Amino acid sequence: MAEPFDKPQFDALMARAGLDLTEAEREAIRAASHHLVAAAASVRAPREVSVETATTFAPRVAG
Amino acid sequence: MPTIAEAGRQIAAKQISPVELTETCLAKAEAENPALHAFIRFTPEIARAQAQAAEARQMAGGLLGPLDGIPIAHKDIYETAGVPTTGHSRMLIDHVPTSDAAVVRLWREAGAVMLGKLATHEFAWGGPSFDLPWPPARNPWDVSRFTGGSSSGTGAAVASGSILGGTGSDTGGSIRGPAGLCGIAGIEPTYGLCSRSGVLPLSQSLDTTGPMASTVEDCALLLDAMTGHDATDPSSAMRPKPDLLSGLNAGVKGLRIGVIRHFHEDDCKVSPATATGIAHVAETLRGLGAEIQEVTLPPLADFNAAGWLILAADAFAVHEPWMRDRLRAYGAFLRDRLALAATITAADYLNAQRRRRELCDAVAGAMIGCDLLLTAAQPGEAKPIEQVGKWASFETPNLTIPFNLTGQPALSVCAGFGEGGMPVGAQLIGRPWEDATVLRAGHAYEQATTWRGRRPAMG
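Residue numbers (this note's numbering), protein chains in the order written: chain A, 6 to 68; chain B, 10 to 468.
Read the hints as simulated data drawn from the structure, not as lab findings.
From a predicted model like this one, the values you see are computed outputs, not experimental measurements.
Cβ coordinates follow ideal geometry from the N, Cα and C atoms, glycine included.
There may be inaccurate statements among the hints.
Said to hold, decoys possible - Calculated cross-link-like contacts (lysine to aspartate or glutamate; reagent style EDC-like; alpha-carbon spacing at most 20 Å):
| # | chain 1 | residue 1 | chain 2 | residue 2 |
| --- | --- | --- | --- | --- |
| 1 | B | K262 | B | E292 |
| 2 | B | K278 | B | E303 |
| 3 | B | K399 | A | E57 |
| 4 | B | K392 | B | D151 |
| 5 | B | K392 | B | D370 |
| 6 | B | K399 | A | E8 |
| 7 | B | K399 | A | E32 |
| 8 | B | K262 | B | E455 |
| 9 | A | K12 | B | D345 |
| 10 | A | K12 | A | E32 |
| 11 | B | K399 | B | D140 |
| 12 | B | K399 | A | E53 |
| 13 | B | K278 | B | E404 |
| 14 | B | K23 | B | E64 |
| 15 | B | K262 | B | E300 |
Stated by the list, open to error - Looking from chain A toward chain B, a few residues come up when the C-beta cut is under 7 Å (computed):
| # | residue |
| --- | --- |
| 16 | L18 |
| 17 | L24 |
| 18 | T27 |
| 19 | V48 |
| 20 | P51 |
| 21 | T58 |
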């Protein structure tokens, strides 16, 4: 199982997001953060250009 | 209570009155709601006016089609002109839209009769929650049990028989989950087939609108009335309206069905009754002429990782302004899930979208040799509602989110009952834009079984 974010890291992320949570609320959420840490790790890999998303930018021509 | 198909035929034959059918459903819904909490708002004046208009058309021989006079209701993320649309949230408790969502308009124009607005998990992700303005919906098979979510009220109201069909939305399984746990049918259509215009968003790249009803045939009738390109929804595909009905009774002879055995036997080991149900679906369809084979997809965990990262990041992007300014207006479940989503980086999100493309390619490759896929819709029977925790969706692999990621049509059908007497669901998945094939197979299965004859005590 992945480790959750450490406390300074997690507190910084919540502050960056501008979320005014209590200490207890932050700790409860941080304890569950291993789920997304593991998910992020599992998709972190070099990939072919063919799998880039197609919706990045669609240039439009006036008229 | 009749199915939509039955009621539609009876209305056409002037054997039943839309007004009487509406009054029966309204009375049932209002009587059961103190225990079921399926509705968060009734709209009797609208229902009676629409039913009377349907009856006038019936008498004049001018019915609009098979939905004319049929009692339905909408999940409360579908905007309804002049009727509050809250997302089951304190955040929008005073929100009264000035226009209908595209699907609400389409069903209204088809003559459907709106009885009210249905419970949902808060903004289609936060539930089951007990700290919202309305309690969570309860399962009519056992009101101590969870309905699944997020289309919880639709699942409960259809299963109890207080409406004949309703709208759901499906981002990670929010139609198929409640359909499976409540013993009804529900389809997540191909991404882009149905407009999402006027529907409160959760994840722009995963959200789909779709119908829930007692039977697959009814889902086909409802879905047929909600398809078509909508220029106001950028995700709405510019394709001709599909024919979902003429082949519904064509059976499954010659269809090749791939069972994703590793999904429900290894990656997410389902209950014995669910496993039996899936085997029953496979054997029944084989008996009707389908070819059953086994297929292997990437691990379910890979779909879940990419799916949850995308869903959570998309949801946080939708809610970020309110999370900063009105944090305390959310229930704790949604607030904390969205806060967790704030930890996802741009790199995580893009990696998940790239992995999504690989997973789409893998599933498309696996379906070269088969027309449909089969697996479970849910791991087992509905749990006691109090046992469904805040992080439940991350703790148990999700069997439905793979097909939100791939944008394929996926149908939940009742596949029997478990040791606790609660329904279990199987999931049939088709290629993109082959919604009709999915419905055809689901209908063939239902016609060959007797599950529909077993209804909850409240039903």
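Checked hints:
The hinted pair formed by B/K262 and B/E292 meets the criterion: a straight-line CA distance of about 13 Å does not exceed 20 Å. At roughly 17 Å between alpha-carbon atoms, B/K278 and B/E303 fall within 20 Å of each other, so this suggested pair holds. Simply put, B/K399 and A/E57 have alpha-carbon atoms about 33 Å apart, too far for the 20 Å limit, and the pair is violated. With a C-alpha separation of about 10 Å, the suggested pairing of B/K392 with B/D151 holds against the 20 Å cut-off.
Between B/K392 and B/D370 the CA atoms are separated by roughly 35 Å; this puts the pair beyond 20 Å, and the hint is violated. For the given pair, B/K399 sits about 19 Å from A/E8 by alpha-carbon distance, which is consistent with the 20 Å threshold. Annotation: proposed proximity of B/K399 to A/E32 holds, straight-line Cα distance about 14 Å (limit 20 Å). As the CA atoms of B/K262 and B/E455 are separated by approximately 15 Å, the hinted pair is consistent with the 20 Å bound.
With a C-alpha separation of about 16 Å, the suggested pair A/K12 and B/D345 falls inside the 20 Å cut-off, and the hint holds. Using a Cα cut-off of 20 Å, the hinted pair A/K12 and A/E32 holds, with the two alpha carbons roughly 8 Å apart. Pair hint B/K399 plus B/D140 holds up; C-alpha atoms about 13 Å apart against a cutoff of 20 Å. Straight-line distance between C-alpha atoms of B/K399 and A/E53 comes to about 36 Å, which puts the hinted pair past the 20 Å bound.
For a cut-off of 20 Å, the pair hint linking B/K278 to B/E404 stands: about 13 Å separates their Cα positions. Restraint check: the Cα-Cα separation between B/K23 and B/E64 comes to about 9 Å, which is no more than 20 Å; the hinted pair holds. Only pairs whose Cα atoms come within 20 Å are accepted, and B/K262 paired with B/E300 is accepted, the gap being roughly 8 Å. For the restraint placing A/L18 at the interface with chain B, the shortest Cβ-Cβ distance is roughly 5 Å, inside the 7 Å limit, so the hint holds.
Look at A/L24: its Cβ gets to within about 5 Å of chain B, closer than 7 Å, so that hint holds up. Against a cut-off of 7 Å between C-beta atoms, the interface hint on A/T27 is violated, since the closest Cβ of chain B lies about 10 Å away. With its C-beta approaching chain B no nearer than about 4 Å, A/V48 sits inside the 7 Å limit, and its interface hint holds. Residue-level restraint check for A/P51 is violated (minimum Cβ-Cβ distance to chain B is 10 Å; threshold 7 Å).
A hinted interface residue such as A/T58 counts as satisfied when its beta carbon comes closer than 7 Å to some beta carbon of chain B; here the least separation is about 5 Å, so the hint holds.
When held up to the earlier numbered hints, the structure conflicts with 3, 5, 12, 18 and 20 and fits the remainder.
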